[in-house]
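Put the two chains together into one complex; each comes in its own frame, and the hints tell you how they fit.
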Amino acid sequence: MTMTETMRPEVAANRDVITKTAFFDAPREVVWSFLTNTEKLGRWYHPARQDLAEGRDYTLTRAGDDGGQVALIWGRVLEMRAPSLLRVTFVIEEMGTADTEVTFILEEALGGTRLTLLHEGVEAAMAGRALGLLGHLDPGWDEHLGSLRAAVRSR
Amino acid sequence: MDVQNVFRALSDPTRRDILMMLAEREMSIGEVSERFEITRAAVKKHLIILREGDLISVHSRGREKVNRLEPDALRGAADWIGYFSGFWDGRLAALQEAVTKEMEERKDDDD
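Keeping their order, the protein sequence lines are chains Z and U.
Counting in this note's numbering, the first sequence runs from 32 upward without gaps.
Counting in this note's numbering, the second sequence runs from 6 upward without gaps.
Just chain U, with the same shape it has in the complex (with noise of 0.2 Å):
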């Protein structure tokens, strides 16, 4: 599970009413657009969203296409930590890098 994907999935307040709504059932791409007053291409592209964060899954019912809420990613609590930890190894290495390209400048001035 890709935790960057689960945030992206969770930041936009439609996308989280979508998931609610699938949470009482499985819907279809019109049956999800009828409740929201945004076109249903935009819907289609947040339920691809909501897809590549692994929140929901797309089954076949009969001739139609369903969007079904998939609770696990939610649930994996403790990917949130080494999520933000390899966040700060990466700033923190920009920071090093930012703070060496300042002191050698600075060398540079008083020569």
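Isolated chain Z (complex conformation) (with noise of 0.2 Å):
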């Protein structure tokens, strides 16, 4: 499986998408599984009230002040396709409900695992909440606000 293959068109033409790859020594099976697991989420970033599944939503938690779980990231899992793909919606309590969408691509590489990551939305989350606010600003600022509703727009 080659990238063009895995990357919809819509991705691949969208400016607004991060990108990083990175390599494993080790099987596909054994990266998915830090992907999807809950007690292995929490070894690299933090853990899921469940291990992941197609369709449901999911949570990623840290511990709160008073000892509870607090929910940090969370969304909803679109496509799950073990151990090669895996589509999650994401987002962060400070982007309120926008959401921007997160892609995992396992590939076999030279004996180990390619993941590729991508990471889409980002700039149109952030700005449609700077814009949600400016817009409560006095009309006078209209002109200064043209070029970032220009920029949303052409999205």
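Source of the hints: derived by calculation from the structure; they are not laboratory data.
It cannot be assumed that every hint is accurate.
Computed Cβ-Cβ distance ranges for the label pairs, DEER-style [unchecked claim]:
#	chain 1	residue 1	chain 2	residue 2	range
1	U	Ala47	Z	Gly99	20 to 26 Å
2	U	Ala98	Z	Arg93	16 to 22 Å
3	U	Gly87	Z	Gly142	31 to 37 Å
Not close to chain Z: a few residues of chain U, all C-beta gaps over 10 Å, as computed [as the list claims (entries may be wrong)]:
#	residue
4	Glu31
5	Arg56
6	Val104
Glycine included, each C-beta is placed from N, C-alpha and C at the ideal position.
Here it is as structure tokens:
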């Protein structure tokens, strides 16, 4: 499987995407378990409330000040094709209700695994949040916001 | 501008309400406090976090200190990409470390 086969055309054409690759000296199944298993997620990121499952919401938590678990990042598992593709929506507390989308692609490479990560929609989500606040400003601000609005519209 | 501080400042609904009030005009802590059902100390804490995100600045008006909205921090949309890019660099490095450790443990079990 190559990247061009797995990457949806609308992603390839989208400029608002962060792309990262990483190599692992381990089979894809092992890397996959670290992306989907609640306890293993906690070893490099944050533990999930439960193992990830397609079509279900997920929540990553951290220990709160009162000793309880606080939701940190959440979203919905859009697509799961073990051990090659995981696609989730990714909401961060600070972004309110704005969704971004994260895709993990695992490919066999050099006897190990190559992971490609795509994070889409960050700029649109954050610009949307900023516009939501700035929309309450005096109309005199409009001209300053023209370029930002244009940037959001062009997506 | 530290994007993390902007995130933190925007994460709270009360702080977002304060920003919108300050969008209309600058206000002292007392004026902001009158409009919320929380203590003055709590309002002060929110204002400090907003200031750390460079979303507001403090100026003297006579004997009073007033808080003024600084919309520039909100407009730095280009920086969000850089923030998350760095975020994933850190996470993926941690993932590589965790997987390497797991593989070493499996090898030890086989021996």
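Consistency of the hints with the structure:
no.: 1; hint: U:Ala47 / Z:Gly99: 20 to 26 Å; result: holds, 21 Å
no.: 2; hint: U:Ala98 / Z:Arg93: 16 to 22 Å; result: holds, 19 Å
no.: 3; hint: U:Gly87 / Z:Gly142: 31 to 37 Å; result: holds, 34 Å
no.: 4; hint: Glu31; result: holds, 13 Å
no.: 5; hint: Arg56; result: holds, 16 Å
no.: 6; hint: Val104; result: violated, 5 Å
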